[in-house]
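Protein chains: 4
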Amino acid sequence: MLSNAPASASETPLRQDALELDAIVADIVLSSRILAREGIVDSFGHVSGRHPRRPDHYLMPRTRAAELVTAEDVLVFDLEDTLVTATEARTFAERSIHGAIYRARPDVLAICHHHAPAMMPFCTSDAELVPVFHLGATMGATVPRWDSQDEFGDTNLIVSTHAQGDSLARALGPNWTVLMRGHGATVAGRSIRELTFRAIYGARNADAQLRAAQLGSVRRLTAAEALSAAEFNLTPFAMDRAWEQWTRHIHAAGHP
Amino acid sequence: MLSNAPASASETPLRQDALELDAIVADIVLSSRILAREGIVDSFGHVSGRHPRRPDHYLMPRTRAAELVTAEDVLVFDLEDTLVTATEARTFAERSIHGAIYRARPDVLAICHHHAPAMMPFCTSDAELVPVFHLGATMGATVPRWDSQDEFGDTNLIVSTHAQGDSLARALGPNWTVLMRGHGATVAGRSIRELTFRAIYGARNADAQLRAAQLGSVRRLTAAEALSAAEFNLTPFAMDRAWEQWTRHIHAAGHP
Amino acid sequence: MLSNAPASASETPLRQDALELDAIVADIVLSSRILAREGIVDSFGHVSGRHPRRPDHYLMPRTRAAELVTAEDVLVFDLEDTLVTATEARTFAERSIHGAIYRARPDVLAICHHHAPAMMPFCTSDAELVPVFHLGATMGATVPRWDSQDEFGDTNLIVSTHAQGDSLARALGPNWTVLMRGHGATVAGRSIRELTFRAIYGARNADAQLRAAQLGSVRRLTAAEALSAAEFNLTPFAMDRAWEQWTRHIHAAGHP
Amino acid sequence: MLSNAPASASETPLRQDALELDAIVADIVLSSRILAREGIVDSFGHVSGRHPRRPDHYLMPRTRAAELVTAEDVLVFDLEDTLVTATEARTFAERSIHGAIYRARPDVLAICHHHAPAMMPFCTSDAELVPVFHLGATMGATVPRWDSQDEFGDTNLIVSTHAQGDSLARALGPNWTVLMRGHGATVAGRSIRELTFRAIYGARNADAQLRAAQLGSVRRLTAAEALSAAEFNLTPFAMDRAWEQWTRHIHAAGHP
Chain L
1 MLSNAPASAS
11 ETPLRQDALE
21 LDAIVADIVL
31 SSRILAREGI
41 VDSFGHVSGR
51 HPRRPDHYLM
61 PRTRAAELVT
71 AEDVLVFDLE
81 DTLVTATEAR
91 TFAERSIHGA
101 IYRARPDVLA
111 ICHHHAPAMM
121 PFCTSDAELV
131 PVFHLGATMG
141 ATVPRWDSQD
151 EFGDTNLIVS
161 THAQGDSLAR
171 ALGPNWTVLM
181 RGHGATVAGR
191 SIRELTFRAI
201 YGARNADAQL
211 RAAQLGSVRR
221 LTAAEALSAA
231 EFNLTPFAMD
241 RAWEQWTRHI
251 HAAGHP
Chain A
257 MLSNAPASAS
267 ETPLRQDALE
277 LDAIVADIVL
287 SSRILAREGI
297 VDSFGHVSGR
307 HPRRPDHYLM
317 PRTRAAELVT
327 AEDVLVFDLE
337 DTLVTATEAR
347 TFAERSIHGA
357 IYRARPDVLA
367 ICHHHAPAMM
377 PFCTSDAELV
387 PVFHLGATMG
397 ATVPRWDSQD
407 EFGDTNLIVS
417 THAQGDSLAR
427 ALGPNWTVLM
437 RGHGATVAGR
447 SIRELTFRAI
457 YGARNADAQL
467 RAAQLGSVRR
477 LTAAEALSAA
487 EFNLTPFAMD
497 RAWEQWTRHI
507 HAAGHP
Chain Z
513 MLSNAPASAS
523 ETPLRQDALE
533 LDAIVADIVL
543 SSRILAREGI
553 VDSFGHVSGR
563 HPRRPDHYLM
573 PRTRAAELVT
583 AEDVLVFDLE
593 DTLVTATEAR
603 TFAERSIHGA
613 IYRARPDVLA
623 ICHHHAPAMM
633 PFCTSDAELV
643 PVFHLGATMG
653 ATVPRWDSQD
663 EFGDTNLIVS
673 THAQGDSLAR
683 ALGPNWTVLM
693 RGHGATVAGR
703 SIRELTFRAI
713 YGARNADAQL
723 RAAQLGSVRR
733 LTAAEALSAA
743 EFNLTPFAMD
753 RAWEQWTRHI
763 HAAGHP
Chain V
769 MLSNAPASAS
779 ETPLRQDALE
789 LDAIVADIVL
799 SSRILAREGI
809 VDSFGHVSGR
819 HPRRPDHYLM
829 PRTRAAELVT
839 AEDVLVFDLE
849 DTLVTATEAR
859 TFAERSIHGA
869 IYRARPDVLA
879 ICHHHAPAMM
889 PFCTSDAELV
899 PVFHLGATMG
909 ATVPRWDSQD
919 EFGDTNLIVS
929 THAQGDSLAR
939 ALGPNWTVLM
949 RGHGATVAGR
959 SIRELTFRAI
969 YGARNADAQL
979 RAAQLGSVRR
989 LTAAEALSAA
999 EFNLTPFAMD
1009 RAWEQWTRHI
1019 HAAGHP
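Chains as they are written, first to last, in the working numbering: chain L, 1 to 256; chain A, 257 to 512; chain Z, 513 to 768; chain V, 769 to 1024.
The hints are simulated quantities; they were obtained by calculation from the structure and are not laboratory data.
Among the clues, some could well be false.
Residues from chain Z shown here face chain A by an in silico Cβ test under 10 Å; the list is partial [said to hold, decoys possible]: (1) D554; (2) T575; (3) T597; (4) A598; (5) T599; (6) A605; (7) R617; (8) D619; (9) M632; (10) G665; (11) Q676; (12) R693; (13) F749; (14) M751; (15) D752.
Pairwise CB distance ranges, derived in the manner of DEER restraints [unchecked claim]: (16) L:P236 - A:T341: 21 to 27 Å; (17) L:L68 - A:A282: 47 to 53 Å; (18) V:D894 - L:A26: 49 to 55 Å.
Don't be surprised by glycine CBs; every beta carbon is placed ideally from N, CA and C.
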């Protein structure tokens, strides 16, 4: 845990801050493990959350497979991606993705970068990813694509500089999911739970669309349907139902 | 349990009613968990059963992932979808699907609404879903399609009014499975076990048909074959074999 | 167990017979459970073995999901599919498949009928199933197709008469696997272990071929390659490696 | 264990050798089990490592499903594939693959031969396998194909002679992965961990490419991107993240 406020302290403002921080850290850990269990991340991919009291900082685990992340692994970075936690732990080169989007999008409170198998066909072809069913629409009505070749030519595909992160953030624009050619996807949210839901159902939308294409035609939602369905399914009323189930799976696997 | 008749009571008519009710509730719980385990429902999707003694009422769980449903979660609704159980629990907006079909089809005693991945390609393309093998034929020889756009234009895709439910029930007509464009499928049955069997093998038929299409041709059953195969496979002789296995899986997972 | 010879008896011929019978029954149980675990059978599908000392009889479980079959479920039938075990247990209508092939093919000592998802695309389209890799070649260099329509018109697709069984056996001819349009596949073997291996790798061949077709071309083995590869992979040297692993999985799942 | 140096011995050179040998044997066992769990090998397929102190020898398990391999199963062979361990154990006919590549490529310290389902479509069609995403690029920028027909005509597809092994090694050339028509793939590495990573992400690349093809277009990495991405992802920084997770899975399954 990042906070060390004594458990018996009266609920002072500082104590409140610590509890709020612990809650975000716990959600980062849960989200990491949920995304691993649901097949969105494997040994690679990472989840971060904006710091609840210091919006110019974000929380992100040290380099580690998401399935194994614990609260002790979560570090604090400023929005220039500089580590501010005193630690010997190694940090993700791709934290450049996170800082750039937090800088560009004050409304974004959580980010995930992943290479979900369901999403990869759309990252490695020219096909447009579009919302085809109501839950899938939570990925956003429009899913732009970013190609590192356009501005940076031949690279190792890793987003590891401010310039690359800013370029990706521009491609994301006001949307919630962006595809990265030859690499994977980056997803943003207004909370860690929203982010988790969007990453999972975005991948399920990709899977449904791929298989509809195999039948010879894809019926996409209208823009109005996509917006309306996303709004409905991102209410706590819908999201909490999934969160309860996913959390149970993680607890059943022995994580506290 | 919805009944509280003392276990030691002699078998009066009231006692019999209570036992019958408990059996339906237990089957709703088992069906919910089986459909989750078999990949038909995820955090969304729901199963209901008509009330065994009050055919103008139906039983349906509160909003909760099907995998987690218990007997205590099952509530009673009248056919206008009004909750008659005294409870603070939240109810599904989509109970409109259930009431409308129970009103339109006195022969229907059980309903499931789902978004099974295997079914989604047919819900998000224009391809017709047809019976291609004997067990798959239990979904019905004809599987009509409903598109909320036709009568209701842009919506959030959720069936949440009587008008929408009635429209869907008309599309279902005398059949047992109806596809909902951009959304999922709704399945009806003459019992909860029949419904469960049909939902699972309907999805397996969809999977077989999709992959046959990838080979360049789909051989559908003749109408007579489909009717005859469905009749054979919906006898207890066949269904009980699956029910025994599915029930074992649920019990092995620790559910009583 | 079908034999009740006392364990302390000296090894008389009768005792030997009983041990041999027990071994076949144990292999039928293991094969049933292995085929369930490997995704070849679900709640439907069945395995039989010719009686080791009475070649005009065969052993086959009562109607039950293969995953749940125990030694106590195995019954004895004559080659006319008449049950000779004294029991109240229900028998498979499709034992007609088994008797007909045992009658037509003295070299066949084991039979499985299944609806493996990997095989279904070839049962529900006109595409020919061909050996594409060495282990897959164990299904046979040629896989004929049988269509119940040809001789019997509209049926419920179930093979339940001698005439239907004989027709299927003729379609199988001297081969080891036969596809049944709109239904599934039937596989024969010279032992239960060979049968199990062939059913599993036949399905894996189907899966590889389907996905090769998605890439636009399928390279089949030459007839000589297929024969030679099948011969090599059906030696105990190769088969025992798989059998050791599959048996471990079953034992790990708690079956004795 | 192949070494029997007493645990209390001072760290003499001989003791060091023994420890180094034990470490390689342990990695062969772990890699075998990891590749089984990740779906790269089933009952067939094998992993070997060059002997750490005698580069003209290699270590490889006796014939056994990779999932079941233990340290006691690992044997020593010279580069002519002659068994030098005193044992009654059966050896793989396909050790010809291993010896030939160790002879031809002094830089290769580890080899795996497998029939991963994800790779098979490219082994059974004429489609070229190309790197489509950064992690997949670790399989090598170029993946050549070998067809046993070209030099050896109709065979059982098994590589079991020096001539066949040498032919395959020539097809591999300076690359790291080679497809074998109608059979599977062979993968080489500069360490057992690199080999394991490459085999797994090569298969995931194949899966992504197959599904991109289903969308109608495949965007491959440029040659410079592929080289650069492979270099980055084969550093311990990246590989250790996967190795930690995969090792945990094996330990959680009860292997010491």
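Evaluation of the provided hints:
1. D554: holds, 8 Å
2. T575: holds, 6 Å
3. T597: violated, 19 Å
4. A598: Cβ of A598 (chain Z) sits 21 Å from chain A, so the hint is violated.
5. T599: Status violated, d = 16 Å.
6. A605: holds, 8 Å
7. R617: violated, 25 Å
8. D619: violated, 29 Å
9. M632: Status holds, d = 4 Å.
10. G665: holds, 8 Å
11. Q676: violated, 13 Å
12. R693: Hint holds; R693 (chain Z) Cβ to chain A Cβ min 6 Å, cut 10 Å.
13. F749: Hint violated; F749 (chain Z) Cβ to chain A Cβ min 34 Å, cut 10 Å.
14. M751: violated, 28 Å
15. D752: violated, 29 Å
16. L:P236 - A:T341: 21 to 27 Å: holds, 23 Å
17. L:L68 - A:A282: 47 to 53 Å: violated, 39 Å
18. V:D894 - L:A26: 49 to 55 Å: holds, 52 Å
Of the hints listed earlier, those the structure fails to meet are numbers 3, 4, 5, 7, 8, 11, 13, 14, 15 and 17, in rising order.
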